[in-house]
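Chains as they are written, first to last, in the numbering used here: chain A, 1 to 353; chain B, 1 to 353.
Hint data in this document are derived by calculation from the structure and do not stem from the laboratory. Do not take every clue at face value.
The list treats identical chains as one, so a pair stands whether inside a single copy or across any two.
Stated by the list, open to error - The calculated lysine to any residue pairs, modelled on SDA-like cross-linking and capped at a C-alpha distance of 20 Å, are: (1) Lys161 <-> Glu53; (2) Lys161 <-> Glu236; (3) Lys161 <-> Thr208; (4) Lys97 <-> His316; (5) Lys249 <-> Thr208; (6) Lys161 <-> Asp333; (7) Lys309 <-> Glu220; (8) Lys309 <-> Gln61; (9) Lys309 <-> Ala216; (10) Lys249 <-> Gly211; (11) Lys309 <-> Glu173; (12) Lys97 <-> Lys161; (13) Lys249 <-> Asp115; (14) Lys235 <-> Leu347; (15) Lys161 <-> Met25; (16) Lys309 <-> Asp215; (17) Lys309 <-> Arg26; (18) Lys161 <-> Gly29; (19) Lys309 <-> Pro174; (20) Lys309 <-> Ser172; (21) Lys249 <-> His345; (22) Lys161 <-> Gly331; (23) Lys2 <-> Glu133; (24) Lys2 <-> Arg132; (25) Lys235 <-> Pro96; (26) Lys161 <-> Gly327; (27) Lys161 <-> Asp186; (28) Lys161 <-> Arg284; (29) Lys161 <-> Tyr122.
2 protein chains.
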Amino acid sequence: MKLENDRFLRALLREPVDVTPVWMMRQAGRYLPEYRASRARAGDFVTLMKTPEMACEVTLQPIDRYPLDAAILFSDILTIPDAMGLGLHFVAGEGPKFERPVQDRRAVEALGVPDPEQQLGYVLDAVRLIRRELNGRVPLIGFSGSPWTLATYMVEGGSSKDFSRIKGLIYSEPATAHQLLSKLADSVIAYLNAQIAAGAQAVMIFDTWGGALSDAAYREFSLQYMERIVAGLVKEAEGRRVPSIVFTKNGGLWLEDIAACGADAVGIDWTINIGEARRRVGDRVALQGNLDPGVLYGSPERIRAEVAKILADFGHGSGHVFNLGHGITPGVDPENAGVMIRAVHELSVPYHR
Amino acid sequence: MKLENDRFLRALLREPVDVTPVWMMRQAGRYLPEYRASRARAGDFVTLMKTPEMACEVTLQPIDRYPLDAAILFSDILTIPDAMGLGLHFVAGEGPKFERPVQDRRAVEALGVPDPEQQLGYVLDAVRLIRRELNGRVPLIGFSGSPWTLATYMVEGGSSKDFSRIKGLIYSEPATAHQLLSKLADSVIAYLNAQIAAGAQAVMIFDTWGGALSDAAYREFSLQYMERIVAGLVKEAEGRRVPSIVFTKNGGLWLEDIAACGADAVGIDWTINIGEARRRVGDRVALQGNLDPGVLYGSPERIRAEVAKILADFGHGSGHVFNLGHGITPGVDPENAGVMIRAVHELSVPYHR
Numbered sequence: 001m002k003l004e005n006d007r008f009l010r011a012l013l014r015e016p017v018d019v020t021p022v023w024m025m026r027q028a029g030r031y032l033p034e035y036r037a038s039r040a041r042a043g044d045f046v047t048l049m050k051t052p053e054m055a056c057e058v059t060l061q062p063i064d065r066y067p068l069d070a071a072i073l074f075s076d077i078l079t080i081p082d083a084m085g086l087g088l089h090f091v092a093g094e095g096p097k098f099e100r101p102v103q104d105r106r107a108v109e110a111l112g113v114p115d116p117e118q119q120l121g122y123v124l125d126a127v128r129l130i131r132r133e134l135n136g137r138v139p140l141i142g143f144s145g146s147p148w149t150l151a152t153y154m155v156e157g158g159s160s161k162d163f164s165r166i167k168g169l170i171y172s173e174p175a176t177a178h179q180l181l182s183k184l185a186d187s188v189i190a191y192l193n194a195q196i197a198a199g200a201q202a203v204m205i206f207d208t209w210g211g212a213l214s215d216a217a218y219r220e221f222s223l224q225y226m227e228r229i230v231a232g233l234v235k236e237a238e239g240r241r242v243p244s245i246v247f248t249k250n251g252g253l254w255l256e257d258i259a260a261c262g263a264d265a266v267g268i269d270w271t272i273n274i275g276e277a278r279r280r281v282g283d284r285v286a287l288q289g290n291l292d293p294g295v296l297y298g299s300p301e302r303i304r305a306e307v308a309k310i311l312a313d314f315g316h317g318s319g320h321v322f323n324l325g326h327g328i329t330p331g332v333d334p335e336n337a338g339v340m341i342r343a344v345h346e347l348s349v350p351y352h353r
Numbered sequence: 001m002k003l004e005n006d007r008f009l010r011a012l013l014r015e016p017v018d019v020t021p022v023w024m025m026r027q028a029g030r031y032l033p034e035y036r037a038s039r040a041r042a043g044d045f046v047t048l049m050k051t052p053e054m055a056c057e058v059t060l061q062p063i064d065r066y067p068l069d070a071a072i073l074f075s076d077i078l079t080i081p082d083a084m085g086l087g088l089h090f091v092a093g094e095g096p097k098f099e100r101p102v103q104d105r106r107a108v109e110a111l112g113v114p115d116p117e118q119q120l121g122y123v124l125d126a127v128r129l130i131r132r133e134l135n136g137r138v139p140l141i142g143f144s145g146s147p148w149t150l151a152t153y154m155v156e157g158g159s160s161k162d163f164s165r166i167k168g169l170i171y172s173e174p175a176t177a178h179q180l181l182s183k184l185a186d187s188v189i190a191y192l193n194a195q196i197a198a199g200a201q202a203v204m205i206f207d208t209w210g211g212a213l214s215d216a217a218y219r220e221f222s223l224q225y226m227e228r229i230v231a232g233l234v235k236e237a238e239g240r241r242v243p244s245i246v247f248t249k250n251g252g253l254w255l256e257d258i259a260a261c262g263a264d265a266v267g268i269d270w271t272i273n274i275g276e277a278r279r280r281v282g283d284r285v286a287l288q289g290n291l292d293p294g295v296l297y298g299s300p301e302r303i304r305a306e307v308a309k310i311l312a313d314f315g316h317g318s319g320h321v322f323n324l325g326h327g328i329t330p331g332v333d334p335e336n337a338g339v340m341i342r343a344v345h346e347l348s349v350p351y352h353r
């Protein structure tokens, strides 16, 4: 099936494009009334995510509404720990929780590496269904949480303010922490490769909590495992390169090291100027980002001005996928997201002549 | 009254010291059983903070327990908005709340600049009492939240995950945001100068949420107001320089600009290597930091090793005040805090020969 719009894939590989491609992290989400309706019909988030037909439905909602250049699989970053038997559930107002957190050496040793087709078949079924329903309109992104980010939830038992348990683990039993991270890296490799085999045309690793580490601990406990994953990924499918994107929130200080991890592209949040980021990474990787999602609470004029600034800061040529610096937040007016998306396409034309 | 231990003040001015001075952000806090006892006696946090005798008592608890090199006034960063009439209170598990948040131009226009002696007398009484009780053992640090950080709480009405209201304000009504920040800067100048007049021997500005801004917005909405404050501070008291410290959490990317704001010292969190930070700021400012508070959940051996690493990364000479990169967290074992404090003094001797 021919891909009608491949500028997202081309920009990730720094190949020429007509305009800068754009998508939004968490674009299938609560800010959309049609998503809230699907979510209400599903009853709970886990059912929504684990039912391929429903995951497909919400994945396509933003694609039907906006001229986006990529779709991203609707799923959760915690599917792997759930498949490992930790018992993922969601408590209203508190986010994800695990019934059986992993808190000592014995629990880490007992963990297996999930077989994606056996234990995460619902994700792969969703990927296959979404590809069919997308019918070549735009590419589909698969994704996973990073080993460090998955480990924080697994050890803390849910979200955390100060990461006291996982920090206690890395600063008292580093060998146990490495054993856990190693199993997670193997799991993520198998999981992303299975998503690629099912039809994902690019993959992204979300390291949401790498920025909670010190510079030395980030390299030791997060980055090295993402490097291992990128090295283990299938590089081509359907006769085409499958680009990889690595994103560490609050990782701007470590940009050169992240850019050297082997991925095709690096996601950046809005704390770093994208022009400065481009100077620092040179032509090693493409960049994805980096509008503050908070700008979408502003006026349409200011949204366009902030889009224009990022495009100008990045400058001429390919190698930029426009995105928010983090997920779109539930309170955003969908009209404002549309203003941003259209502005990217309109205002980026001169940079690709 | 003679100051028995002035190495904290000397290090902030990059004057020679015998060992690296150390204190901990939030050192008077919930990790200490004696603090929890005082807090229980007070009944609620606001009473504890607003009663000078009780604020003095908890300020001195860590000084009595550990060989710390500075005391910090026990107070809250939100005293100024409270004095402006917003009605500060605390909801268990949710942090600070304001009864009357500031959410439009009219509310901003109605705000006055508090007179510290009239409206924040309880803070100044606490400063005077603490100085008397400290009796010259170590210097006393006064502090305030930064205008941007105060504004986030005032506009959001409390803590926030995505800062949607304040971001909406700066990205739709920037003039109103600047009016608010300007009033806050004037208020902070008056407040810190009153603390200095009452006996504070150094002052620190906490910009807890500056790191939530884009690089351009940080300069426009946070840093310029801290510059204005530093320029307006009284520089000498009791015949001695009163050093100022500016701390933006997650501000490592902007270090050169922060170091140019006029303050004597810059606080850094643990995401940046302190040796790298020192190279970037040169001899413009002293540095304060930067142990990950999460290290205190580790083993004593690892705590000492991490202290040793930071001391070695900073290297020889004065200009370093050892601290955590953020406040000490409630679950820390007080013994581990002691391990860190003693390690700083013991292991820093060779760097000051």
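| Homomeric proximity label, Lys161 with Gly29: Cα distance no greater than 20 Å | Only across copies: Lys161 and Gly29 sit 16 Å apart there, 24 Å inside one copy, limit 20 Å.
| field | 20 Å Cα threshold - placement of Glu220 relative to Lys309 | value | between (35 Å within a copy, 15 Å between copies)
| said: My question is about Lys309 and Pro174: at a cut-off of 20 Å on alpha-carbon distance, are they close within one copy, between copies, both, or neither? | reply: Between. Shortest inter-copy distance 17 Å satisfies the 20 Å Cα cut-off; intra-copy 43 Å does not.
| Intra- versus inter-copy proximity for Gly331 and Lys161 (alpha-carbon distance at most 20 Å) | This pair counts as between: shortest inter-copy Cα distance 12 Å, intra-copy 22 Å.
| Alpha-carbon proximity between Lys161 and Thr208, which holds within one copy, between copies, both or neither at 20 Å | So Lys161 and Thr208 pass the 20 Å test inside a copy (13 Å) and across (14 Å) alike.
| Given a CA cutoff of 20 Å, do Lys309 and Glu173 count as a within-copy pair, a between-copy pair, both, or neither? | between (46 Å within a copy, 18 Å between copies)
| query | Given identical chains, is Lys161 near Tyr122, meaning Cα to Cα at most 20 Å, within a copy, between copies, both, or neither? | reply | neither (31 Å within a copy, 31 Å between copies)
| request: State whether the alpha carbon distance between Lys249 and Thr208 is at most 20 Å within one copy, between copies, both, or neither. | output: Answer is both; intra-copy 5 Å and inter-copy 17 Å each pass.
| message | Within a copy, between copies, both or neither: which one fits Lys309 and Ser172 at a CA-CA cutoff of 20 Å? | response | Result: close only across copies, 16 Å inter versus 45 Å intra.
| Up to 20 Å CA-CA - Met25 versus Lys161, copy category | Answer is between: at 17 Å across copies they meet the 20 Å cutoff, but 22 Å inside does not.
| task | Pop the pair Lys309 and Gln61 into one bin, within, between, both or neither, using alpha-carbon distances up to 20 Å. | result | neither (28 Å within a copy, 50 Å between copies)
| message | At most 20 Å between CA atoms: does that hold for Lys309 and Asp215 within a copy, between copies, both, or neither? | response | between (30 Å within a copy, 12 Å between copies)
The structure fails hints 1, 2, 4, 8, 13, 14, 17, 21, 25, 27, 28, 29 (numbered hints given earlier, in ascending order).
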